[in-house]
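Chemist: Sequence:
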Amino acid sequence: MTCSPGFLCGCRSAARRAAALRKYRAAAAASSLLAGLRLPGGSRRSGGLSPVESLLPSRAAAGFPAQRERSASPGPAPSALGQQQSSPRLALSRLGQQQGKSAGLAGGGGFRPSRVVVVAKTTRYEFEQQRYRYAGLSEEDLKQLLALKGSNYSGLLERHHIHTKNVEHVVDSLRNERIEVRLVKRREYDEETVRWADAVISAGGDGTMLLAASKVFDRFKPVIGVNTDPERSEGHLCLPVRYTYSFPEALQKFSRGEFRWLWRQRIRMYLEGTGINPTPVDLHEQQLSQEQHSRAHVNGRFHDQRSEISGPHLLPVRALNEVFIGESLSSRASYYEVSVDDGPWEKQKSSGLNVCTGTGSKAWSYNINKVATQAVEEILKIAKKHESLNLPLSSELIQKVTNEYNDSLLYSPEEPKMFFSIREPIANRVFSSSLQRGFFSKVCVRSRCWDACMVVDGGISFEFNDGAIASILIDTEDALCTVLLEE
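Residue 1 is where the sequence shown starts when you use the UniProt record's numbering, and the numbers rise one by one after that.
Read the hints as simulated data drawn from the structure, not as lab findings.
The reader is advised that the hints may include incorrect statements.
Said to hold, decoys possible - In silico DSS-like links for lysine-lysine, alpha-carbon gap of 27 angstroms or less: (1) Lys400 with Lys381; (2) Lys385 with Lys417; (3) Lys400 with Lys362; (4) Lys381 with Lys417; (5) Lys370 with Lys417; (6) Lys143 with Lys185; (7) Lys165 with Lys143; (8) Lys253 with Lys349; (9) Lys165 with Lys185; (10) Lys349 with Lys362; (11) Lys362 with Lys417; (12) Lys381 with Lys370; (13) Lys385 with Lys362; (14) Lys384 with Lys442; (15) Lys417 with Lys349; (16) Lys370 with Lys442; (17) Lys385 with Lys370; (18) Lys349 with Lys370; (19) Lys442 with Lys362; (20) Lys362 with Lys384; (21) Lys384 with Lys400.
As the list claims (entries may be wrong) - Label pairs and their in silico Cβ distance ranges: (22) Glu192 with His161: 28 to 38 angstroms; (23) Leu389 with Ser246: 30 to 40 angstroms; (24) Asn367 with Ser331: 26 to 36 angstroms.
Cβ coordinates follow ideal geometry from the N, Cα and C atoms, glycine included.
Full structure from sequences and hints, please.
Modeler: Here it is in structure tokens:
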């Protein structure tokens, strides 16, 4: 996700609402997102191996990163939660034995799923309709209301039709190949639907891709993104734009094996400490005012503070892009302690911290840390002045230095490492800022915040207040299976 210079961005405004439903929806959220969770290595699978497993004879052939040697203490032990981790080598060794037995394996080593779920985004037009449906507004009333808000009704309707047409194209293309299809929206997309499918296709933009990936815990189940409105959506996580309009060509390439599996590493999170609430809140479903948020949060806080100290909970979500931790109110500094790679704890105050994957290094993290050519030019002028450098500061040199630094912030989605960055760190005689950014394998954060949240991919949030400790790390078992097609 990208972030505007103003601190109250999508993630931050989302974070404001993160704790609001603790009192009202704890049981419902637990049943919807925690029940039936299929953690890596702990899931039961019927019918043998998935179509993707059957066509991957080895880790190297799959393009999966080499298995890392585990340190003596990489983080809270999964055994503390009663989890049993399966061996990736054992799982992949079975692939050669089962090769050719899956219904999704086409001749020549291609991939042809039998059942696909298509997750379609909710367009702005649909959102506005749903937002005011209880008011009984007619279409003309909605048109006038949008005009009063400065929105173009005709434009929203046109984009909705474009999206709908492209979704129909994807669904029809699949059915023409005799592939069984389920078309679902956000609220209909659940764990049962994921279990039913051989593959998941997100029809929307990057946000829809993040949603589709959030419920997939089987690392051999492909998630494929299709950008259904390329003129308005960047679609970094989606197939090249040409396949939006020629999806049958993409299906043929899948069938012939003319693609590469791309294993996008994801972040897992453990939560422990006092007063923690491991129940996730879907921020896309909640549209709470600041008053509603504050009232619900205060009502629930004191009960939580009486909670006993809790051991590490493996949270029921994986981050494909990033994890953001910070205060809900944008004008309030976030106070916490941080430790990287099991190093010493450091007190910090800032506007929040961001931990991203290689996939997320092109998103919010990049926009937090990139430098502008103006800043580079001013720094080079100062360096030239103090060192008496005989260096012509041409626009080409300034642009080259800028690009080289900004490119250093990016790395492969398949690399099992995280990029950690502090947003607007406060440095004084009390608070240090020695840890501002860098690549690490493990990040631990102890909250000293008053009303903070840990937000995953801008859509799922967990309360993260004083006494809570988060351990953030990457395990290759959590990698998301995606595909890479050439233009």
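Chemist: Quick one, are Lys385 and Lys362 close enough, alpha carbons at most 27 angstroms?
Modeler: violated, 34 angstroms
Chemist: Check the hint pairing Lys384 with Lys400 against an upper bound of 27 angstroms on the C-alpha distance.
Modeler: holds, 17 angstroms
Chemist: Given the hinted pair Lys442 and Lys362, is their alpha-carbon gap at most 27 angstroms?
Modeler: holds, 20 angstroms
Chemist: Within a Cα-Cα threshold of 27 angstroms, do Lys385 and Lys370 meet the stated pairing?
Modeler: Holds. Lys385 to Lys370 sits at ~24 angstroms (cutoff 27 angstroms).
Chemist: Below or equal to 27 angstroms on CA atoms is what counts here, so check Lys384 against Lys442.
Modeler: Judged against 27 angstroms, a Cα distance of about 39 angstroms means the pair is violated.
Chemist: Verify the proposed pairing of Lys349 with Lys370, using a straight-line Cα cut of 27 angstroms.
Modeler: Judged against 27 angstroms, a Cα distance of about 21 angstroms means the pair holds.
Chemist: Would you mind confirming whether the straight-line C-alpha gap from Lys362 to Lys384 stays at or under 27 angstroms?
Modeler: Outside the cut-off at roughly 32 angstroms; violated.
Chemist: For Lys381 and Lys370, compute the direct alpha-carbon distance and say whether it is at most 27 angstroms.
Modeler: Holds, at roughly 19 angstroms.
Chemist: Tell me if the straight-line CA distance from Lys385 to Lys417 falls inside 27 angstroms.
Modeler: violated, 39 angstroms
Chemist: Is Lys417 close enough to Lys349, meaning Cα to Cα at most 27 angstroms?
Modeler: Roughly 24 angstroms separates the two Cα atoms, so the pair holds.
Chemist: If you draw a straight line from the CA of Lys370 to the CA of Lys417, is it 27 angstroms or shorter?
Modeler: holds, 19 angstroms
Chemist: Verify the proposed pairing of Lys400 with Lys362, using a straight-line Cα cut of 27 angstroms.
Modeler: holds, 19 angstroms
Violation of the numbered hints given earlier is confined to hints 2, 4, 8, 13, 14, 20, 23, 24; the remaining hints are satisfied by the structure.
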